[in-house]
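Participant: Residue numbers -20 to -1, 1 to 350, in mature numbering (1 follows the signal peptide of the UniProt record, and there is no 0), belong to the letters of the sequence shown in order.
Please keep in mind that the hints were generated in silico from the structure rather than gathered at the bench. Be aware that one or more of the hints could be misleading.
[Unchecked claim] For each label pair, taking beta carbons as the anchor points, the in silico distance ranges come out as:
1) Glu70 <-> Thr4: 20 to 30 Å
2) Ser51 <-> Asp282: 48 to 58 Å
3) Gly145 <-> Glu70: 36 to 46 Å
4) Thr143 <-> Gly20: 23 to 33 Å
5) Asp11 <-> Ser51: 13 to 23 Å
6) Lys40 <-> Asp277: 44 to 54 Å
7) Pro208 <-> Thr5: 18 to 28 Å
8) Gly145 <-> Asn302: 22 to 32 Å
9) Asn16 <-> Asn216: 19 to 29 Å
10) Ser219 <-> Asn16: 14 to 24 Å
[As the list claims (entries may be wrong)] With a straight-line cut-off of 35 Å between C-alpha atoms, the simulated DSBU-like cross-links for lysine-lysine are:
11) Lys71 <-> Lys40
12) Lys71 <-> Lys117
13) Lys246 <-> Lys215
14) Lys71 <-> Lys152
15) Lys215 <-> Lys71
16) Lys152 <-> Lys40
17) Lys246 <-> Lys186
18) Lys246 <-> Lys152
Positions of the beta carbon are idealized from the N, C-alpha and C atoms, including for glycine.
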Amino acid sequence: MVSSCYLFTLLFAWIVGVKGADSTTYGLVRDYSGENFFDGWTFYGEFDNVTNGDADFVAKENSSDLAFFDSTTGHTIMKVDNTSAVLFNEKRRTVRITSDFAYDIGSVFVFDVYHMPFGCSVWPAMWTTALLQPGQKWPTGGEIDIMEGINLNPNPQMGLHTTSGCTQMDPKQSSSFINGTDCQGAGGCITTYDDEASYGTAFAAKGGGAFVTEFSNNGISMWFFERPNVPDSLKNNESSIDTSTLGIPMGHYPSTGCDIGEFFGKQNLIFDITLCGDFAGAPTFFSLTCTGQCYQDYVMGDGSVYGDAYFEVDYVRVFSLNGTEPPSSSSPSSSSSVALPTMHKVQGNGVTRVRISWLFAVIVGVVLWA
């Protein structure tokens, strides 16, 4: 005969499980900020060897002039080299870092940023991805593009990239600029930011803002708050976040069309700034907001055109439903093992699909800006 105590224990566990599955309150587990911001990140340390970008991503030991803590502002800087002369056929030094920890479903990522890189030839991104294991091919484990912009396009984009079977169904979001709903492969399900201060000079003029991404079993949601509208829960360095108080997300990818547990593995966080390459440097995109030739007129030369090509970050914080630090590191052991950004992937017809999506996004951005 089953004891009443045992039955009570099962009932209690079931109630806790149901509550946990629907919970929107997450506890702080990781804070990347201040002088120790770069603790827990791996520098790429290679050329941009996938996108044909004219970027040399520095190794940690050579990064002190491009990736550093600014004691005056208390913020972290990651920038493109804007002082060195680059000759023909050379690449310009810049930064790409990947978090050593991978974060599971039931996490929230908050990026508080005062300035993002922009300018002709500049291609920055803040994103997450699952590191590929031997034998796996991208986009196994999924990718979340939190923010990706190019050149002087005033509106960046967000999106998901997965294997076949994930679609954006009935999204309840504040942005109506949905460029694609099939999340498969390089095309992805892409949404353009419709906030005029989400990138470029307008973003900098407003003092930046906060990007929030909820990675949950119920779906993936993304919010952007201009600096004056950043919620108190983010400004006050609180130890928890309740996403139900954040309002309608700018981008929303509900689990009704995409089983998050099936298509997404643990995610590593990434910052990168590449230059030109297959997308930012493609004449179709480049000519929409810039003049001249991407490499010859911008990457080459003394670098003075890159004065705005930098991230200025207050913090990156990770929150979790269980409120505990991940038990082990998932650090990229070498650059070859690191999954690369969706938009940086050149593979078969995917390039064409991405370019069409990007062209639509850039045109939308230019129209919104006009």
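Participant: Each hint needs a verdict: does it hold in this structure or not?
Facilitator: The hints, checked one at a time:
Our hint of 20 to 30 Å for glutamate 70 and threonine 4 is violated, since their Cβ atoms are close to 49 Å apart. The given range of 48 to 58 Å is broken by serine 51 and aspartate 282, whose C-beta atoms sit roughly 27 Å from each other. A beta carbon spacing of about 43 Å between glycine 145 and glutamate 70 agrees with the range 36 to 46 Å that was offered as a hint. The hint said 23 to 33 Å for the Cβ distance between threonine 143 and glycine 20, and at roughly 29 Å that hint holds.
Between aspartate 11 and serine 51 the C-beta distance comes to about 18 Å, which sits within the given range of 13 to 23 Å. The hint said 44 to 54 Å for the Cβ distance between lysine 40 and aspartate 277, and at roughly 31 Å that hint is violated. Between proline 208 and threonine 5 the CB atoms are about 25 Å apart, so this pair conforms to the stated range of 18 to 28 Å. For the pair glycine 145 and asparagine 302, the beta carbons lie near 28 Å from each other, so the given range of 22 to 32 Å is met.
Between asparagine 16 and asparagine 216 the Cβ separation comes to about 21 Å, which falls inside the hinted range of 19 to 29 Å. Taking the beta carbon of each, serine 219 and asparagine 16 are about 18 Å apart, inside 14 to 24 Å as hinted. Of the pairs offered as hints, the one joining lysine 71 and lysine 40 holds, with about 18 Å between alpha carbons and a cut-off of 35 Å not exceeded. Annotation: proposed proximity of lysine 71 to lysine 117 holds, straight-line Cα distance about 28 Å (limit 35 Å).
Restraint check for lysine 246 and lysine 215: the C-alpha separation of about 27 Å stays at or below 35 Å, so the hint holds. With a C-alpha separation of about 43 Å, the suggested pair lysine 71 and lysine 152 falls outside the 35 Å cut-off, and the hint is violated. Using a Cα cut-off of 35 Å, the hinted pair lysine 215 and lysine 71 is violated, with the two alpha carbons roughly 39 Å apart. With a C-alpha separation of about 41 Å, the suggested pair lysine 152 and lysine 40 falls outside the 35 Å cut-off, and the hint is violated.
The straight-line distance between the Cα atoms of lysine 246 and lysine 186 is roughly 33 Å, inside the 35 Å bound, and the hint therefore holds. A C-alpha spacing of about 25 Å is found between lysine 246 and lysine 152, which places the hinted pair at or below 35 Å, so the restraint holds.
Hint compliance for this structure: hints 1, 2, 6, 14, 15, 16 are not met, and every other hint is.
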